[in-house]
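Protein chains in written order, with full-length UniProt numbering: chain A, 1 to 459; chain B, 1 to 459.
Hint data in this document are derived by calculation from the structure and do not stem from the laboratory. One thing to keep in mind: the hints can contain errors.
Copies of the same chain look alike in the list, so a pair counts if it fits in one copy or across any two.
Below, a list of computed lysine-lysine pairs in the BS3-like style, where the Cα atoms sit at most 30 Å apart [as the list claims (entries may be wrong)]:
1. 50 / 201
2. 185 / 388
3. 185 / 201
4. 358 / 389
5. 389 / 217
6. 217 / 201
7. 393 / 201
2 protein chains.
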Amino acid sequence: MSSPAVTSSIPENEPLTVVGGGLVGSLLALYLARQGHTVEVFERRADPRKGENLEGRSINLALSDRGWRALQGIGVEEAVREVAIPLYRRVMHDQRGQLTMQPYGKEGQAIYSVSRAGLNQRLLDLVDQEPRVQVRFNQQCRRVDLRNRTLEMFDAAAGSNHVWPYQHLFGTDGAYSSVRAAMQKTDRFNYSQQYLNYGYKELTIVAGPENSWVIEKNALHIWPRGQYMMIALPNLDGSFNCTLFFPYEGAVSFETLQTPEQVRSFFEEVFPDAVPLMPELEQEFFENPTSSLVTVRCYPWSVADEVLLLGDASHAIVPFYGQGMNAGFEDCTILQGLMAQYGHDWLTIFREFQRQRKPNADAMADLAVYNFEEMRDRVADPRFLLQKKIESKISAQYPQQWLPLYSQVTFSHLPYAEAWANGQEQERIMQRVMPHIETEADFERPEVQTLIAQELAQR
Amino acid sequence: MSSPAVTSSIPENEPLTVVGGGLVGSLLALYLARQGHTVEVFERRADPRKGENLEGRSINLALSDRGWRALQGIGVEEAVREVAIPLYRRVMHDQRGQLTMQPYGKEGQAIYSVSRAGLNQRLLDLVDQEPRVQVRFNQQCRRVDLRNRTLEMFDAAAGSNHVWPYQHLFGTDGAYSSVRAAMQKTDRFNYSQQYLNYGYKELTIVAGPENSWVIEKNALHIWPRGQYMMIALPNLDGSFNCTLFFPYEGAVSFETLQTPEQVRSFFEEVFPDAVPLMPELEQEFFENPTSSLVTVRCYPWSVADEVLLLGDASHAIVPFYGQGMNAGFEDCTILQGLMAQYGHDWLTIFREFQRQRKPNADAMADLAVYNFEEMRDRVADPRFLLQKKIESKISAQYPQQWLPLYSQVTFSHLPYAEAWANGQEQERIMQRVMPHIETEADFERPEVQTLIAQELAQR
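From just these sequences and the hints, can you work out the full model?
Following this line, the structure appears as structure tokens:
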């Protein structure tokens, strides 16, 4: 920790190696190159910009402040903003098609719907303009030999294996990381993969006439139904990507929806306002895969100064807080800060990175599961929405002392662990305040005002 | 669950396959054969009865009631008892060499020190006498192909690979199971491996003249030192296997003991009565490996009617309750009961097995970590030992209503999860009773008697 603050940008002889050229891997390659390093990126898939789009996951992503900051750091923020759709609020659809709203933050604050494929392609275009980075596509990682520091890659286009040595390896190969799988076999590597009993299915709300949006464009739509939910995010072409989060087994589950008739009848009962907007419902339901939802935790994230895991490879989370990509991008911001501080001292950089970042990744994993319950269940409860309104009033009255948890996570750069701790503390205060609240107007009552002032004074 | 209770012992055409011929694998093979099945066992190591003993772990094991019942089920109980040493109590050694005692159970109740290698060899001898079982040694599992139901085995003696099909596969290949590793890659497989920050080192207290025991033979010896401890179990030849459980890092840790002088000086300070009995201390300390301590949890334990994990492969635990082998052996007892009930209906057998057994394996994993804290720290506390004496008096007075947790785990066949729940409830009662107790005699005081009677009436 007493290393000198080397800021030299003279590259080392050996290029750095990045396994995984998805969102985090391509952004990381740009950060490493801008720091003066030469970088070799191995990506399993074919170049997504060539030929058919074989992209596995078409799901939209919600980009928020942490992600924007990381994009800004390499100067691509504005270009991405042009193709991002701001979502200023949640719109909840009840079983009769009636709507309620909940703003995400203050006036003008939004999360942004972006296409995963589009964003990845844009980052790869930037990588192409960076002479220090070389990307090799169609490279399936067959083996990571941690002892001899080599990668065995199967080149799917050439049909042959090749062994590559590495000096410093960055594993950004996602939730099912091959690099992490090699580390899992080393002694004292803590690891867990935990699945929800829920799967998800992607569906489509089609565009209206002339690519118009048939439900509110600048909102994230939720059909909360207690034990399950559907959500929808807008696309630029007027359509919406819908995702049904649904139990695998049980009375109401993927298991029990076996025929097109069952699907239609179920959707008409529980999502009546959405069904007319989903002309390909039955076909999509049976053609699109049912995907699982995993949380991956592990530690350590590094092997000496030789390997470092980032993004989903070290902390895959469920998608309900819209923070998976943002957390991975923030990894790049944090790493950038450490590189600026410690130069080529990779041992210190890797150790500091995992030490600082692990508690925040764990907190974010907890937050993501927590928000699933909020989205599928609590947002349908008028008392919950009233509580959120009161919280928003407290925040307006005491802006220095109270930022709602959602805003701390989404619209700030506070470490996730601090946000989560603050959020839990605020929730305890709300549990004491809400018994005194029947309507929004009760916030102004003197005893409520006194109680809130007292609670805040005690924090 | 409505399957008929088939008890036919007519074997199916296909032999059953067992991967792993250690303690649980060889016992399981015997149980399967006695049920009428033909069985093929693949074991990674060479036959331990031939040539040099290459047994990885020489550590002694503590056999208790659950293990005995499983051995009894195949008629080998008496033969094993002949080479087992009963341990009736814990003997705690303080830093000045002074001793305190704590009986494990009632008069005559004991856990039994047995040699892992000796027990494994005896089970393999029994397997040899069983015409329905074939054991193949030197078979390293290279790949389990769950889709095609094949095993790729590298025969280390022949130097060649062979692919074996399987119909029903039992994975008893331990904490680092290859069978489980294949299952880990399937969708929705929950898995965790968690290491303690402690490692262990095996050391030896040598025998006295004419193979005599230089400390009490029929006891498990503990040197509890708060953040670490040493234990010793007797061997038949008069020696004791000692195990030091010690932090990997920190002020007092493996990291800080780097020279023979440091080791001797440290041991003389903290284990002064043991050092004179350990003439090879320094040599053993640096020659013997430092081994890690892992808890493995996973679910599901089965794939259709095709694969079932048992023993450490599905529930590896830390060794502090002496229940790892006993839990694995109890798996065989439970499976035997399900085979008797469901015959060849492997789908039901596998599903019922994991459904019944998983909560108990989880409870046992928690108990094992809990007992580490008790052994290394609490047994050195006079108040803790007083509490144990009072508990023992309550148990004597109310034998139908109060069995100490240790006895429930060790001297009963109560499911582990029930034992753990009862134990936690009893601990809460003791927390209310102990403030009224200064000495053992206080147990007889009327207000204490009334309090205990009230607490028991409320359970």
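Quick rundown of the hints versus the structure:
1. 50 / 201: Within one copy only: 27 Å inside a chain, 57 Å across chains, cut-off 30 Å.
2. 185 / 388: neither (46 Å within a copy, 41 Å between copies)
3. 185 / 201: between (33 Å within a copy, 21 Å between copies)
4. 358 / 389: neither (33 Å within a copy, 44 Å between copies)
5. 389 / 217: Classified as within: same-chain Cα gap 23 Å, cross-chain 71 Å, threshold 30 Å.
6. 217 / 201: within (21 Å within a copy, 64 Å between copies)
7. 393 / 201: neither (37 Å within a copy, 60 Å between copies)
Hints 2, 4 and 7, counting from the list given before, are not met by this structure.
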